[in-house]
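So the protein sequences, as listed, match chains P and G. With the numbering used here, letter number 5 in the first sequence gets 5, and the count goes up by one each step, no holes. With the numbering used here, letter number 66 in the second sequence gets 1066, and the count goes up by one each step, no holes.
I should point out that these hints are in silico values taken from the structure, not numbers from a laboratory. Yeah, the Cβ is synthetic: ideal placement off N, Cα and C, and Gly gets one too. Check each hint, because a few of them may be wrong.
[As the list claims (entries may be wrong)] Straight-line distance between alpha carbons at most 20 angstroms, and here's what the computed EDC-like set of lysine to aspartate or glutamate pairs gives:
#, chain 1, residue 1, chain 2, residue 2
1, P, K44, P, E33
2, P, K83, P, E113
3, P, K44, G, E1098
4, P, K3, G, E1121
5, G, K1071, G, E1121
6, P, K44, P, E113
[As the list claims (entries may be wrong)] Computed list of chain G residues with no C-beta within reach of chain P, every gap over 12 angstroms:
#, residue
7, Q1026
8, V1027
9, M1064
10, Y1084
11, L1096
12, G1203
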Amino acid sequence: MNKQSLGYTIVFSFVVCFAFVFLLSITHQATREQVQLNQELRTKRAVLRALTIEFNDDEEVLERFAEIETVTRNGIELFRLTKDGETRYAGIFGGAGLWGPINITLAVDADVETIIGLDIIDHNETPGLGGRIDEPWFQRQFRGLRLVDGGVQLIRDGNTEGEDGKADAITGATGTSMSMDRILNQTLRDLRSALGGEA
Amino acid sequence: MSDTAVKDPGAILKTNLWTSNPIFVQVLGICSALAVTNLLTNTMIMTLGVVFTTAMSSLTVSLMKSFIPRKVRMVVQTLIIAFYVIIVDIVLRAYLPEVSRNLGPYVGLIITNCIIMGRAEAFAQSNRPILSFWDGMTSGLGYMGVLLVIAFVRELLGFGSLFGVRIFPEGFTPWTIMVMPPSAFFLIGLIVWIGKTIMHRQGEPVT
């Protein structure tokens, strides 16, 4: 058989493509559930962290998440948690960062007067600079932060610890800090209109 | 390339790790050497993916070489390489989601790593399967070795840690430049310089 003939080349290419793509499809199918589970876990973990609920492993994530209700307000999907007579809401929001989109989970109290917690789901900021929005010290600042005029401000100098409505920006990452400022305040406005408070 | 004549496993090892190292002698695969070397863990996973892909695609190309029509030779090689890279990507996505997220598009970009295509075309196309597998694997290891050295320096100075474990005390001021891709350029330059100097001293013909 002539291996350089047109017929052989076409048949060979077809068979090889089919075989490899078939094997890939099988692998993809076999791991699809696991991949989906990973994605769900990521979202759930972010919601729990924003609501400042502690967890140790994936099983606990699912357990704790089961206590949270999902509600839709004004077309926005929110996660509601009622604990000790207090109602808290968390939602997934996003906006433009310096290099790409930043997606966050933000949790607030029912009147949108205090931030409960913040978690960054994903971002493309510069590692070591803007990428530090991932670090615990940055996110911890927002825990229990009381809002001033319904918003927050990221401050460049000084220490903002204990001050209402203020958090430290990241040194050397002006672009990312400004983006975070914008995203957070937009998110707070969205949450306020979703929860029916004053816009 | 002269190394296609090499048939002895020991000589192949030496060629691929040292005298013809893909990074500091052939200067291939530089894109990923710049992009994924600021954390050792990511570099480790990424380079293991490259070792796997280079070894397996060389093996497969060598096994299939007598059936592949000449006209579609490179298309088929690319298909085989892409197949293994997608397998790596799927496995990472399913079992190491955090690493997969950190590496982002770079796993998929292994397909375009010139080392892999280079080995398939220069070696696997004209050698026995087992030897091709060995050649692919050692080429991957040559790439891995250099990237790990770069990542070691970058993570240590850029974050003060190794494999995520803090080495320098809290007060250490990280070198921000080490976190950004340009620092890998300087480091690769230094490695090329050091490597060539040593080779020159040993009297190896410098390519």
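Consistency of the hints with the structure:
no.	hint	result
1	P:K44 to P:E33	16 angstroms, holds
2	P:K83 to P:E113	17 angstroms, holds
3	P:K44 to G:E1098	15 angstroms, holds
4	P:K3 to G:E1121	19 angstroms, holds
5	G:K1071 to G:E1121	13 angstroms, holds
6	P:K44 to P:E113	24 angstroms, violated
7	Q1026	28 angstroms, holds
8	V1027	25 angstroms, holds
9	M1064	8 angstroms, violated
10	Y1084	10 angstroms, violated
11	L1096	9 angstroms, violated
12	G1203	42 angstroms, holds
Checked against the numbered hints given earlier, the structure breaks hints 6, 9, 10 and 11 and satisfies all the rest.
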